[in-house]
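In order, the protein sequences belong to chains A and B.
Residues 2 to 409, numbered by the numbering used here, are exactly what the first sequence covers, in order.
Residues 16 to 306, numbered by the numbering used here, are exactly what the second sequence covers, in order.
These are computed hints drawn from the structure, not numbers from a lab.
Please note that a few of the clues may not be correct.
Said to hold, decoys possible - Only pairs whose alpha carbons sit at most 25 angstroms apart, straight line, appear in this in silico DMTMM-like list of lysine to aspartate or glutamate:
no.: 1; chain 1: A; residue 1: Lys281; chain 2: B; residue 2: Asp75
no.: 2; chain 1: A; residue 1: Lys272; chain 2: B; residue 2: Asp75
no.: 3; chain 1: A; residue 1: Lys346; chain 2: A; residue 2: Asp334
no.: 4; chain 1: A; residue 1: Lys260; chain 2: B; residue 2: Glu146
no.: 5; chain 1: A; residue 1: Lys281; chain 2: B; residue 2: Glu146
no.: 6; chain 1: A; residue 1: Lys260; chain 2: A; residue 2: Glu202
no.: 7; chain 1: A; residue 1: Lys232; chain 2: B; residue 2: Glu146
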Amino acid sequence: MRKPLSMIVAGLALVLSACGTSSSNAGGSPAPAAPITIGVSLSLSGDFSGDGKALQQGYDLWAQDINAKGGLLGHRVTMKYVDDASSTQQVVTNYQTLITQDKVALVFGPFSSLLTIPASTVTDRYGYAFPEPAGGGPKVFAQGLHSIFFVQPAAVEDNLVSYTKFLLSLPSDQRPKTAAYATEDDPFTQPQIDKAKSLLEAGGITTASYKVYPAEATSWDALALQVVNSKADVAILGTQEPDAVAFVKVFQQQHFNPKSIIETTGPDQGKDFADKVGAKNTEGIMVPAGWTSSAKAYGNEKFTIEFVAKYGGAFGDISADAAEAYSVGQVVDQAAQKANSIDNKALITALHSGTYQTIQGPMSFDSVGKPQGGVGVYLEQWQGAQAIFVYPSSVAAAQPEYPKPNWP
Amino acid sequence: MTLVIEAAVLGVLTGGVYALMASGLTLIFGVMRIINVGHGALVVLGAYLSFALFRSLHMDPFLSLVVTMPVMFALGVVLQLVFIRPLKTDREALSVLVTYALALGIEGVLGYVFTTNFVELRAWYETASFEVFGFHITWVYVFGFALCLTILGALFLMLYRTSFGGAIRATMLNRTAAQLIGVDVDRVAAIAFGIGVATAAAGGVVFGITNAFNPGSHYDLISRLLTIIVLGGLGSLRGAVIAALIMLVSEDITQVLISPVWANFVFFVILVVILIVRPQGLYGVRVRDRI
Chain A
2 MRKPLSMIVA
12 GLALVLSACG
22 TSSSNAGGSP
32 APAAPITIGV
42 SLSLSGDFSG
52 DGKALQQGYD
62 LWAQDINAKG
72 GLLGHRVTMK
82 YVDDASSTQQ
92 VVTNYQTLIT
102 QDKVALVFGP
112 FSSLLTIPAS
122 TVTDRYGYAF
132 PEPAGGGPKV
142 FAQGLHSIFF
152 VQPAAVEDNL
162 VSYTKFLLSL
172 PSDQRPKTAA
182 YATEDDPFTQ
192 PQIDKAKSLL
202 EAGGITTASY
212 KVYPAEATSW
222 DALALQVVNS
232 KADVAILGTQ
242 EPDAVAFVKV
252 FQQQHFNPKS
262 IIETTGPDQG
272 KDFADKVGAK
282 NTEGIMVPAG
292 WTSSAKAYGN
302 EKFTIEFVAK
312 YGGAFGDISA
322 DAAEAYSVGQ
332 VVDQAAQKAN
342 SIDNKALITA
352 LHSGTYQTIQ
362 GPMSFDSVGK
372 PQGGVGVYLE
382 QWQGAQAIFV
392 YPSSVAAAQP
402 EYPKPNWP
Chain B
16 MTLVIEAAVL
26 GVLTGGVYAL
36 MASGLTLIFG
46 VMRIINVGHG
56 ALVVLGAYLS
66 FALFRSLHMD
76 PFLSLVVTMP
86 VMFALGVVLQ
96 LVFIRPLKTD
106 REALSVLVTY
116 ALALGIEGVL
126 GYVFTTNFVE
136 LRAWYETASF
146 EVFGFHITWV
156 YVFGFALCLT
166 ILGALFLMLY
176 RTSFGGAIRA
186 TMLNRTAAQL
196 IGVDVDRVAA
206 IAFGIGVATA
216 AAGGVVFGIT
226 NAFNPGSHYD
236 LISRLLTIIV
246 LGGLGSLRGA
256 VIAALIMLVS
266 EDITQVLISP
276 VWANFVFFVI
286 LVVILIVRPQ
296 GLYGVRVRDR
306 I
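Produce the complete structure using the sequences and hints provided.
Here it is, written out as structure tokens:
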């Protein structure tokens, strides 16, 4: 059947007009790249919900900043969060859904090594780069995956190294003789405690008690009693926030006043921690920390100002989790610029070389994503109802309080 | 040895709190033959109500029970009327689904109102303690245990010394026979459900002072409470008390004597052994199936 001439002309006109549009656009400003979605599974409920929310704040602030400067390589960024309820099963489902159904362009990491390990097997299978803020336990890197990038200054097992150096640097008459250890059987906490224990034992500090407890435990009183009964000079605890608070309370109840208390997580949660244990009870408690609101690292001042403007509170209330999440975005932004692409394969290649500037300091990654920052993790202590860096002296804002004052 | 004694004392004191929380659950089962999977969520709701009063009015958590227990009683009656009473057939199975949905609903609402962050009830006695033979006993556990004794004592008195208690026990023994002798079993069921939910509020307060909690805390809680009432014998108040003490004391002693990792395992070994010897639980009544 012959097509009417008018239809042929109309079709031709349409094609020409399309060509005209593209040629006129090519001569003007470049077309904005297509918007992209970045998918994240976050623990918005369950045991890690406090940390999950803090990560969300950090990611959201980064997305706001990157969009304000034109997007990620011109792509406007939308964050998509799904709740994993702190569950190792749900986190796998979430990343599977984000990648296969939502078809997100990029994925960022969840909270904790516990969730990062199963999540990374999924993201790696689909060839996604997996920059993550909070999964730094040895088991994360033992998988040998090349798509993981742990965006913190040091691998998790080294988190308490600064603390052990501090204790061993004390004059012999002040140095503790005994230490009590208790830790969750969690890939984030236990490696830190085990390394601290071996370093302190090598330094001559005797182990008075060592207990590992299930991460699912909900009552820690009997366990804390054992630390109390050990009468150790220092208490070194591999905790998340709920058990960190419980230990402090039992120590108070039992009038147990060790010369030093350090907890792997909990005291780094700013006001949230102070509210739970009481601000006056925080005095002298230590926590390893790689970031502080007063650090002079790349973009940190801008981050803290914007954070307080967006979420309220004071600089000291900002959770380190939020800073770590923000750093993930910074690293990806720089890697995208370096690769001139947001393709996951290109990003993975780019991230394996070079140094990236973050609000936690500069860092680079080895072949399995372990950070090679060299910045190290510092020692933070609550003094006068706020957590401040006290060791090493190069970053210290105050002298460490040792021994820790007795409970009020 | 000192540590074992300390752990046993701690187990008895915390066991009292669990007994209080489990008492409502077993009472509800006894009267209505329904498994209230939402009981853990109701305990958490009670804790949040006290938390809200503490945050807004600085009301002492124990004092807040004057407000929260009547509110939770009324809520329990309404829940029974709306969700449980319409279940006419296959009540035991359907009640699990309905009350689980209720738990999820409560969790969702609490998450929306209070966020999912962990919170704790604060009071001067949460860290204050007194010394007995070198061991510091915390006031909050003593108060909690006293509250448990008071409420459980009141429940026992009501059950065994009042005519309404007689109606409840009659309904527990045989619902149809109770109806035949003139007991308004629907009214008994609604009030018993209300009482069960009110005790959840009381348990929630002590739970909230001694534990950090969030809307999702009910999952762990309900699994422990169900285990307690199974060990004690479904429907038995006395059994719930004894089972709670066995659970907490065995767990705490195992923690200090062997390892925290074995604490749950040892308790479940005890549970299995007791159920092999007495399948109906410690104080449960053996029910013969119809042939």
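Here's how the hints hold up against the structure:
Pair hint Lys281/A plus Asp75/B holds up; C-alpha atoms about 20 angstroms apart against a cutoff of 25 angstroms. At most 25 angstroms may separate the alpha-carbon atoms for a hinted pair to count; Lys272/A and Asp75/B meet this at roughly 22 angstroms. Between the alpha carbons of Lys346/A and Asp334/A the distance comes to roughly 15 angstroms, so the proposed pair stays at or under 25 angstroms and holds. At most 25 angstroms may separate the alpha-carbon atoms for a hinted pair to count; Lys260/A and Glu146/B meet this at roughly 22 angstroms.
Taking the CA atoms of Lys281/A and Glu146/B, the gap is near 23 angstroms; set against the 25 angstroms cutoff, the hint holds. Taken as a hint, the Lys260/A and Glu202/A pair is honoured in the structure, with Cα atoms around 17 angstroms apart against an allowance of 25 angstroms. Between Lys232/A and Glu146/B the alpha-carbon distance is near 17 angstroms, which keeps this suggested pair within the 25 angstroms criterion.
Of the numbered hints given earlier, the model fails none.
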